[in-house]
Amino acid sequence: MAPPPTLSSQPSQAGKTQKSISSFFTPKPAAGSVLSQKPTPQSTKQNGLGRGSGLFVSQDAPDEDEDEELPTRRLKRAISNIHGDSGDRGPSKRFRRSSEDVENAAPESETIASPTLNREDSTNSKRRSLQPAEKPTSPLSEAKTSERTSKYVFSQDADTPMADDDEDEQVKRQKERLHQKFVKKLGRPDSMTEIKRRNHFITEETEELDAENGLDAEEEDEPPKSTKGKKAGATKKGAAKLTPMEKQILDIKRKNMDTLLVVEVGYKYRFFGEDARIASKELQIMCIPGKIRYDEHPSEAHLDRFASASFPTHRLHVHVKRLVQAGYKVGVVRQLETAALKAVGDNRNTPFVRQLTNLYTKGTYIDDTEGLDGSDGVPSATTPSSGHLLCMTETNAKGWGTDEKVRIGFVAVQPTTGDVIYDDFEDGFMRSELETRLLHISPCEFLIVGNVSKTTEKLVSHLAASRTGKKAEQARIEKTDKPKTMAAQAYSHISSFYADKVKSSDDASSSTALLDRVHQLSELVTICLSAMINHLTAYGLEHVFDLTKYFQPFSARSHMLLNGNTLTSLEIYENQTDHTSAGSLFWTLDKTQTRFGQRLLRKWVGRPLLDQARLTERVEAVEELMQNEGSLASDKLRRLLRQIKGDLEKSLIRIYYKKCTRSELLAVLQTLQTIANEYVQVSNPEDSGFKSPLLGQAIASLPCILDDVVSYLDRINLGAAKDNDKYNFFRQEHETEAICDHKVGIVSIEHDLEEHKKKIAEALRKKKVDYVTSSAIEFLIEVDNTQLKNVPASWAKISGTKKLSRFHTPEVIKLIRERDQHKEALANACDEAFADLLTEIGTNYQSFRDCIQSLASLDCLLSLAEVSSLPGYSKPEFITDETRIEVSGGRHPMVEQLLLDTYVPNDISLSSASTRALLVTGPNMGGKSSHVRSVALISIMAQIGCFVPATSARLSLLDAIFTRMGAEDNMMKGESTFMVELSETSDILKQATPRSLVILDELGRGTSTHDGVAIAQAVLDFMLRECKSLTLFITHYQALARMAEQWPGGELRNVHMKFTESEGGNGEKEVTFLYEVGEGTAHRSYGLNVARLAGLPGGILEVAQVKSKELEVEEMRRRLAYLGKMMPNVLQGEGEGVEELVGAVEQLG
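Take the sequence shown: its letters are residues 1 to 1149, numbered as in the UniProt record's numbering.
Hints are computed from structural coordinates only; laboratory data are not their basis.
As the structure is a prediction and not an experimental result, all values here were calculated from the model.
Warning: the hint list may mix true and false statements.
Said to hold, decoys possible - Mimicking DSBU-like on lysine-lysine, the simulated pairs with C-alpha atoms at most 35 Å apart in a straight line are:
1. 253 / 268
2. 645 / 691
3. 789 / 802
4. 482 / 990
5. 691 / 454
6. 603 / 636
7. 759 / 691
8. 759 / 803
9. 659 / 759
10. 757 / 768
11. 268 / 659
12. 253 / 281
13. 405 / 990
14. 1058 / 1109
15. 458 / 405
16. 454 / 479
17. 875 / 1028
18. 803 / 766
19. 768 / 722
20. 636 / 659
21. 405 / 321
22. 757 / 743
23. 757 / 726
24. 726 / 758
Go ahead and model the full structure; you've got the sequences and the hints to work with.
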């Protein structure tokens, strides 16, 4: 039967707990040391258990005093061993004890534990603790007890000194210090110490300072490993040194904080830190958690690595394009070293050298190669972005309020095509001139030089924002400084930039003319040009400004002016519903087959011609294509355009920038060869098969590039170019000397490797040995494991299996290294030769560009011809003797295509010699706005060179079309609806000429009726007397109809939209819109009918109808009362009274 538990068995578990805590702060004994090396006393009886390395267990029954003395003594000795302040300098002992043993000093709790004691030791100790304590009777034992425990014997005599009271107090203080250190080092998970440690407020240095202030000096000397917990180690790691690659990336990032860096690391591209978080969100890729910030912030001290996201290398341009479209500035950091060259270099033990090699934004991203496949050859239905990067600056505003004047200069460049537009103009407080230019150019990126006024900044921000809410349609805005000496610096910079081009050019005369043309630019344009050159230099696109042939001023008066309101109101580029191209004039006319043709057509639509000779040529070309539809020449041209799969204009500029791939170059040259071969027999315009000079010249320019294209293609190896093989891209006879040398070197080394097989065979005692390739490792020698005795010790084992081993000899290793070096040098030589070829092709850029422009013109003419072939379209006739618009059966070109029903045509006749203005009235939804818009759109289509949707049209060339339509406030400028209305009207009155068409829709409706009528009447009178423009004035004010009487010559005429009125089944009047224009004035607008169509509740309509009748009756009474007052004046014979009376009677009708 097991003995009952005693007091000695209980503290043993507590002793284990105490051991686990106190030993945390107790230095471990040195390796190989023992717990006690005290010599065994001769008088002590030893048993088998006590023999060993000085270890002993006393079997003598100790007396009570001795049992009381032992626990306290052992505690003091343990403390002495920790601090080194004990008188006994012998080796330390390790033993288990409980806190209860120390406080109570119970003899039953005495247990000596040792790691070297076995289970029998523990059993014997328990057996001895169960024996009753016996007091010693021997004097020797008594003396011995007194000697050992005299300091701890209890005495009731107050005079007996307690020799070790101070030591007891020291023990308690030491225990308290140990406890405090335990709390400080570990703490609770929610303690302030732990929170501070997590936030890096407690570091190794602060802990040492705390130790100096609160602990003994001996404790500070403890080894770091014994005082450092796991969490402290993690904190140290979080704030530890960065890896060399991370340091490299941080250095690049600190220089480009506004750039999203894509870093090449092995076979992947990686994002780090905040860039990884953004990329994960935009690209929907996984982000590995880690540091987000790039500074050593305490909040991230517990993290030991950066957050990261990655994708494979072949997906680079897919993800870069998505980030660029989202509005980010993206930089690609590439490895500039290869493993082979690095292995033999002096920096073999350093990280790969990485540099920022490419920068991309919306306006500078030209590395998109999607246009090379056939799927991208068809233009998309979405609103096309012009892709312009616009740089603008502004002088300080002069004046204030409505008299504010600023001067603005800008340079807009389209990197994908090389077109450059510039302008310098003065603008008013509405910034209408700037808005017009921005809407025409439609930039995808802004670069603002210096500070601009708040009005300008708000306008730019408003136009840069996406109207559809899509991030990809937002324009990017970037700002740069403008020092006070910017004008002088810009002039010097541009002079030096183009002077270098003059020195390197072979044609001195053209280069000098280039420099003179640049010096003629205005100061603001020069500032913008300098800033743009600096900006594009970082993207490697500064060479676009070498092509000054494509510099075009925006303000050239060779085109019809369509201001911002006109572009919006007439829906030239996008509709007003969802702001897409569907339903716009550009959408109606766009039947192009190529991307570059689509871009050119967009320019034609926004800039109708004013030169009648050019316009006549274009119309005749369209007419000839219509008449010859189905002919051999026409079908040949259409077939050729359908064969063009890529964007040649964009690919050509990529060749000029030296950014195209080998396969892309081959595709461009083969396409140009196909185009030239189609018309190789055409040597002059007469041989083209068309009578039109415009078509003949365009076709005759196509074969001019054939010789150059063939000479380039003769150098290229077709199969290697398709596979993008750089090593065999050039045919053998056209390879450079460097390429040949390195290829010969590689062949020589491979020959030496073949010869080396004989020596290998001799060493292995074989007749023949062949190299094998395993895991992409070449030139391995396989040896059966049974024949390893023949392998020299100098051979290096690379891999093996259970049956065989694979080796490299020292000679093979040397030759492979030399071959790899030759391969890397060969790759560099191939890249240099390819770059030289691109440079040579770039010298012929203008001739190739002219060929592509001719092809784009043919594409646009075919598109206009296809539209002109629609039923009901007629050729416009242009007159020059007067300003005239005379249209019979005119229709709205976009509404006609979208309507399911037949569009009702209308006639109109305006002339500067007769009727200059029409006052259009009619019911709501009667078709007034559609009618006046159709007149403006027919004029624009005619001056583009297209047939018009009308039975006949006789038109003069208009220099501008101005519109004031719609009602909306301008919250970004803090202007009300009426303020916007009058400000736009004011701009029209300042800019309109006798050759302009002006459309004013419901002017004056934003204020009270009397003020609105007065303003509308005054503006209409000014248009007739001063501007003398052709005017279409829509109004609901019937009082304005009497103005026609003031113009007996018929300069102002009243027309209205016809309708019929009938009684409905429920007694209500029903109105039927006829959408026809008739003479006279409509005396009612029938707003209640529109409310009924809009679905307003019947109760509201009934109340409104009652109120309308009451107001009509009240108005009639007031007019009759007024007539009654006028009668006495009429009876007295006053002429003016008679005229007023007649007018009042007419209004009653």
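### Task
Could you tell me which of the numbered hints above are not met by this structure, giving the numbers in increasing order?
The structure breaks hints 5, 7, 9, 19, 21; every other hint is satisfied.
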